[in-house]
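Chemist: Line by line, the protein sequences are chains A and B. Here the first sequence stands for residues 261 to 470, where the numbers follow the numbering used here. Here the second sequence stands for residues 407 to 676, where the numbers follow the numbering used here.
For the record, the hints were derived by calculation from the structure and aren't laboratory data. Check the hints yourself; a few may be wrong.
For each label pair, taking beta carbons as the anchor points, the in silico distance ranges come out as [to be verified]:
#1 B/ILE583 / A/GLN294: 39 to 49 Å
#2 A/MET329 / B/GLU426: 40 to 50 Å
#3 B/ILE583 / A/TYR317: 22 to 32 Å
#4 A/MET329 / B/THR417: 47 to 57 Å
#5 B/GLY667 / A/GLY281: 40 to 50 Å
#6 A/GLY449 / B/PHE492: 35 to 45 Å
#7 B/ASP431 / A/GLY382: 36 to 46 Å
Computed far set for chain A versus chain B, every beta-carbon distance over 10 Å [unchecked claim]:
#8 ASP273
#9 ALA278
#10 LEU322
#11 LEU338
#12 LYS377
#13 ALA393
#14 THR409
#15 MET412
#16 ASP424
#17 ARG428
Note that the structure is predicted; figures quoted are calculated from it, not measured. Yeah, the Cβ is synthetic: ideal placement off N, Cα and C, and Gly gets one too.
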Amino acid sequence: MEILKKIAETLYDGDERAMPGLVQEAIDAGCDAQEVLDAMMAGMAIVGDEFSRDELYIPEVLCSCHAMMEGSKILKPLLTDQDSKSLGTVILGSVQGDMHDIGKNLVGMMLEGRGLKVIDIGIDVPAEKFVEAAIEHNADIVACSILLTTTMPETPKVVKAFVDAGIRDKVKIMIGGAPITQDFCDRMGCDMFAKDAGGAAALAVKLCEK
Amino acid sequence: MIIIGEKINGTIPVVKAAIEKRDADFIAERAIKQTEAGADFIDVCASTAPELEIEALKWLIDVVQDATETPLCIDSPNPRVIEAVFKYAKQPGLLNSISGEGDKCEVLLPLLTSNSWEIVGLTCDDHGIPRDVETKVKITEIMVEKAAKYGITPDRIHLDPCLLALATDNESYLNFIKDIKAIRAVYPDIHITSGLSNISFGLPGRAQVNRTFMALAIQAGMDSAVIDPTNKDMMATIFATYALLGHDRNCRSYSKAFRAGIIDPNRKKS
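Isolated chain A, as found in the complex:
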């Protein structure tokens, strides 16, 4: 349908002002709310890919995230009754000692944009809090943002906290941030390393679709 294509393009362009009108137009024309949401998510998937390839930049990704939020506001009341189930639940936070939130917030918006439920537990989060939140929300993934070489040693603490709580096999641990590498992820016994927000979303979607 033409309007759905236009919604995907508008999401990609990050035109937050045009988004609510287009979404309403699609609904009025008889589109299913889920179909409209899928169209927005299709646009978001392209944004994530291009951001990963350095073809789009952070301010442009933020525009798309805002467009997503504006469109979702119209859809939300229409989705509640039927198929608003999320793909999976992600606990997201910056590890203890780390006050950085730009990357974390971007990851959060990307994950939401791809249909995951995100519980953002903020910055400077002690390992136990990740565990508590994972249990409370029955999370599929715990995503830890680590921006400093000095906060990298928090990683094994988070892993250990999940082992100690006896739920290590129930949750996948994803890490990311400037000093993090795949090698570090493997050595620490984490499950996934994401290079950037688009990568984090793609990995999370892949895992939850299984």
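Assemble chain B onto chain A, guided by the hints.
Modeler: Just chain B now, kept in the frame of chain A:
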């Protein structure tokens, strides 16, 4: 402009490798190059795992002091690491840094009693980086008042108002100049510094954004910066901006820097 040379930092992969291998020649060369380019302080930041940091930082201090006479800027997020290596510095320099976080002020400020050491102060605290100028001024006042107890005057403090990235905050520069105005209204003699490259985080062509920011920030009153002094384009922007603002009589510093090859990318330094 007070230039704090940023090229000896363990977050830079080649420097990280040199620290691990204890490659003194590599570090010494970076220290000499930055001195020649006009650095006022040479920042040393080990950025290793916490248990290795004191030893690595002491080694960096020794290597840099053997190579140049330029004062050090001792840089660690952990005040106890700075406290531990402080005694190895042969002359007063700069400590990087205090903030409203934890007991940083209590650990580091006593080190500055009866000497001419200077210190970087960040306007953040245990709640993170405040968004509003009032809280930043408040944190500054707390730091300056604590410093005064040890006889440290505001002109020995380099205040860093914690610049946010333009990519995620459209008003980051505009807020930065508001911060400078408000802080200088209380403390006219305090230095204003910035790591500055954070401004361009998430944008393409970062070097151009950084240089343009530098020109605007100098006009707004920033007089200290953590940069790479061997970046001739950045240095040219600094010298040209000072000349344009009338702070460089008859453009003498600009001309000298050009002749010395500090700001002319086409000229090889001997």
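Chemist: What are the numbers of the hints that this structure violates, sorted from low to high?
Modeler: Of the numbered hints given earlier, those the structure breaks are 4, 5, 10, 14, 15, listed in rising order.
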